[in-house]
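K.L.:
Listed here are the chains, written in short residue letters.
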Amino acid sequence: MPSEKSWVFHSQSEQETIAIGERLARELRPGDVVLLIGELGAGKTTLAKGIVKGLGVANPEEVASPTFTLVHEYGEPPAVYHVDLYRIDTPAELETIGLDEVVRSDAVILVEWGERLRGLLREPYWVIELSRAAEDVREIRVSYTGTAAPTVASDSG
Amino acid sequence: MVEDGSKILASVVASQLDVHEKYGGVVPELASRAHLRAIVPVVRSALEQAGTSYQELGAVAATQGPGLIGSLLVGLTFAKALSFARGIPFVGVDHLEAHIHAVSLEARARGEEIPLPALALVVSGGHTHLFEVHGPEDYRLLGRTRDDAAGEAYDKVAKLLGFPYPGGPIIDALAAYGNPNAIPFSLARMKGNPLDFSFSGLKTAVLRWVESHDLSAEIQARRQLRERVKRPTLEEWLQVTSQQTLDLLASFQKTVIEELLRRLELAAEQGGVRSIVISGGVAANRGLRRAAESGRLSFPVYFPSLALSTDNAAMVAALAFEKLKRGVSTPLTAKPYASFRMSPS
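So the protein sequences, as listed, match chains Z and G.
Note that this note's numbering has the first sequence beginning at 1, numbered continuously upward.
Note that this note's numbering has the second sequence beginning at 158, numbered continuously upward.
None of these hints come from the bench; they were simulated from the model.
Treat the hints with caution; some may be incorrect.
Listed below are the simulated DSBU-like cross-link pairs for lysine-lysine, each with C-alpha atoms no more than 30 Å apart in a straight line [what the hints assert, rightly or not]: (1) G:316 - G:387; (2) Z:53 - G:237; (3) G:482 - Z:53; (4) G:164 - G:387; (5) G:492 - G:482; (6) G:237 - G:492.
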């Protein structure tokens with residue numbers, strides 16, 4: 001993806017990750033799909049809390065992990081779908097959870113373990129990779145696959 | 158199928174646990190297509206078990222939420238169609254309320270009534286919710302998990318260590334062989350509502366511990382055991398699990414139980430309750446049952462039987478019976494809902 005640009009943030013706490021999520025929420029438009037990618041405990045749900053807060057649809061405390069329940073909705077009608085593909089292994093299973101309908105909606109769609117959607121999803125979409133940069137520092141790398149990439153102010157310039 | 162609100166005539170669960178285990182925690186049971194295939198055979202076999210027929214049913218109930226919309230729709234649509242075709246009332250039921258009611262159902266069958274108000278903890282793979290219950294449909298949410306559900310923490314720790322899905326039963330069994338004080342995991346410190354729960358920090362702490370100890374050989378051995386044997390025995394698991402992992406499991410389990418019991422104690426201290434109800438899949442955990450019944454909680458504690466701890470339709474029917482008795486039924490226009498809500502409409 002030659003047009004892909006990325007922005008990097010660093011977080012040292014849950015609060016900072018939520019604040020980064022709030023900042024990112026300002027860039028999101030209805031219908032945007034955001035893939036959240038990172039190992040167990042990387043902070044995917046925490047970042048989702050920040051994005052949901054930034055979009056003004058729910059309090060961070062109300063945003064819990066959808067691992068078991070698969071899809072959480074926020075807002076009425078849903079302005080955010082919070083999806084978790086941790087337990088999904090095959091494209092056939094993706095289909096059965098009704099993700100195609102969710103993706104076609106005008107809501108912002110946050111997808112934990114989103115790497116499982118890569119290659120199946122029509123561009124453009126957002127990719128947010130979370131990793132551990134140091135003992136207590138999480139790196140949050142944000143990219144957008146579209147041509148008209150929005151401008152995100154990151155802390156690495 | 159339930160008669161008179163407390164007598165279970167039949168309970169059939171279309172559990173696809175075998176399929177589940179094969180994929181390490183996938184979700185065909187949540188998928189609407191699997192539901193669609195299962196619903197008619199499941200209802201038919203419940204009727205057979207109960208020795209009855211569609212003609213004799215007095216009412217039909219289905220779970221309205223919270224859950225995956227596609228899957229809820231299957232049960233809801235089937236129940237509404239049956240209600241319409243037979244001219245019997247339809248009752249939509251909340252999944253969490255049904256879990257709490259499972260305990261009343263069994264108490265009543267023993268000729269007991271749970272003293273109200275009660276604290277009710279619904280704890281499973283998808284939920285960790287604490288309620289104050291005053292009566293049917295009269296409950297207040299006191300706290301809930303802000304990140305992972307307790308059962309989810311079990312599943313993720315199990316997967317991390319090469320154990321099967323669901324993680325609760327195997328960790329519970331093996332924890333008995335470990336030292337629960339070996340690894341002092343810290344308890345979650347909640348800002349804001351002290352009755353909220355958090356298990357994400359514990360999950361991450363277990364992950365870090367696993368990363369900093371060389372467990373790859375035994376994790377590999379466990380994965381191989383699962384490939385070789387369909388349902389390994391406890392002895393077989395013990396052969397491929399080191400003492401330090403047993404200690405890890407015992408310490409993890411102790412921490413989860415401590416998180417749950419502390420919230421119950423704190424809520425009970427606030428006064429006004431006369432009993433405690435613990436329901437949902439994690440209520441089957443023996444370590445939790447033992448700790449809760451040790452006398453530490455200063456109120457009588459009620460658990461469902463193991464069969465009614467995990468998801469089942471008997472609790473849905475029993476709750477519907479209560480509602481009907483009070484003249485409450487649900488219009489056929491009722492829709493499923495995805496997320497938890499206090500007063501389902």
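K.L.:
Take the hints in turn and mark each one as holding or not.
P.N.:
Each hint tested on the structure:
Annotation: proposed proximity of residue 316 of chain G to residue 387 of chain G holds, straight-line Cα distance about 16 Å (limit 30 Å). Proximity of residue 53 of chain Z to residue 237 of chain G is assessed by CA-CA distance (about 37 Å); at most 30 Å being required, the pair is judged violated. Distance restraint check for residue 482 of chain G and residue 53 of chain Z: the Cα-Cα separation of roughly 42 Å exceeds the 30 Å cut-off, and the hinted pair is therefore not satisfied. Of the pairs offered as hints, the one joining residue 164 of chain G and residue 387 of chain G is violated, with about 35 Å between alpha carbons and a cut-off of 30 Å exceeded.
A hinted pair counts as satisfied when its Cα atoms are at most 30 Å apart, and residue 492 of chain G with residue 482 of chain G qualifies at roughly 23 Å. This hinted pair checks out: residue 237 of chain G and residue 492 of chain G have alpha carbons roughly 11 Å apart, not beyond 30 Å.
Hint compliance for this structure: hints 2, 3 and 4 are broken, all remaining hints hold.
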